[in-house]
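*Asks:* Each chain, letter by letter, is given below.
Protein chains: 2
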Amino acid sequence: MNDTRLPIRFYFDFISPYGYFAALRIEELAARHGRTVQWSSMLLGVSVMKVMGLKPLMDTPLKGSYTGRDVLRHARRLGLGFRRAPEAPPMNPLTCGRAFQWALRHHPAQAAALALALMDAYWLGGLDLSTPESLRAVALPEGIDPGELVAGAASAEAAGWLREAVDASLQAGVFGSPTIVVDGEMFWGVDRLEEVDRWLATGGW
Amino acid sequence: MNDTRLPIRFYFDFISPYGYFAALRIEELAARHGRTVQWSSMLLGVSVMKVMGLKPLMDTPLKGSYTGRDVLRHARRLGLGFRRAPEAPPMNPLTCGRAFQWALRHHPAQAAALALALMDAYWLGGLDLSTPESLRAVALPEGIDPGELVAGAASAEAAGWLREAVDASLQAGVFGSPTIVVDGEMFWGVDRLEEVDRWLATGGW
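In order, the protein sequence lines correspond to chains A and B.
The numbers in the first sequence follow our numbering, run straight up by one, and end at 500.
The numbers in the second sequence follow our numbering, run straight up by one, and end at 500.
Please note: incorrect hints may appear among the correct ones.
From the structure, some residues in chain B lie toward chain A, with a derived Cβ separation under 10 angstroms [stated by the list, open to error]:
id, residue
1, R371
2, A463
3, L465
4, V469
5, M481
6, D486
Keep in mind the hints are simulated off the structure, nothing from the lab.
In this text, a Cβ means the ideal position worked out from N, Cα and C, and glycines have one as well.
Excised from the complex, chain A in its bound form (with noise of 0.2 angstroms):
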């Protein structure tokens, strides 16, 4: 049964494309349905090469030239233009992952937007957010502080804070951007936020 007092789980990496085109929509959906999402970071360089043992999606054969061309399919069908090519190599992603790990913690109400205002100079702006400096040039949501996210980001509690909540992510079996868990039960991949409405509209089946 659906308990609209749970927030849906929200599980983002900030260099996943697809993990993004959820982050734009996911809101919107949770609302409809009368939940809020509580956003939570996961890294696939943990997940997918350490804990799976699988190399990076885009460095495999012919999954990596299909996913290159669907992500931009999925961009145009969105109306985003893209500045960053799927097939360039990313950038770290910890400096963003602590920098949002900073938000929850000193900006809860602002931490959403951050992870979007970030996602959105990665992806559209083709921003390399990889040194906690970078993050200056960030168009930040109003009550963010830019020298104090840079020292947030740069800070060894906000690395910790990441770390527990990458091992939390794995807990909860979570190995893919995005990963939705609605009420206990996981959905994987943006192309399921349509079954993941179902699931709220229904209560599940």
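Start from chain A and add chain B according to the hints.
*Replies:* Only chain B this time, still in chain A's reference frame:
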């Protein structure tokens, strides 16, 4: 632009539950857009393990257990009673692939129905169809003689046709089951049928 004279290509492996789910819906989808379907063999054992260098899906940590659950959820949504556990080791798909290749040459009008009959027997009936003789237990489409099918599936000719079909699938860039190709545009995954539907309706984007 769409060209309704061209068939949609539908690639599947008999041991892929998502291929089965798509097989149940592809003809209706195509017909709605005035298209026919060219059913085509692929083998995950070749594309996933030999070409992509990945391990079998169900043996992949985290992803395997999610997939087992997801397959049964998908089956419930379609109202299908699965008698084969997704976690069970798959049968060897070569016999079914060869039987299908034989049917494409000798009973082209029944080949898709044969593929569906074999998948029904495997997924719903729980039959192991890894030897030619085992095909006698399948409820075959009218016009296909069980003895001829068994002999066809056991023939060196059919083995060669399957090898050629799998080579052709790899040449076309196909790596997963199901894969649907519409006028040169490739879509991977049963959760992309809605996108294929939209592509056919709009001519692409």
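*Asks:* Which constraints among the numbered hints does this structure fail? Numbers only, ascending.
*Replies:* Those not satisfied come down to hint 2.
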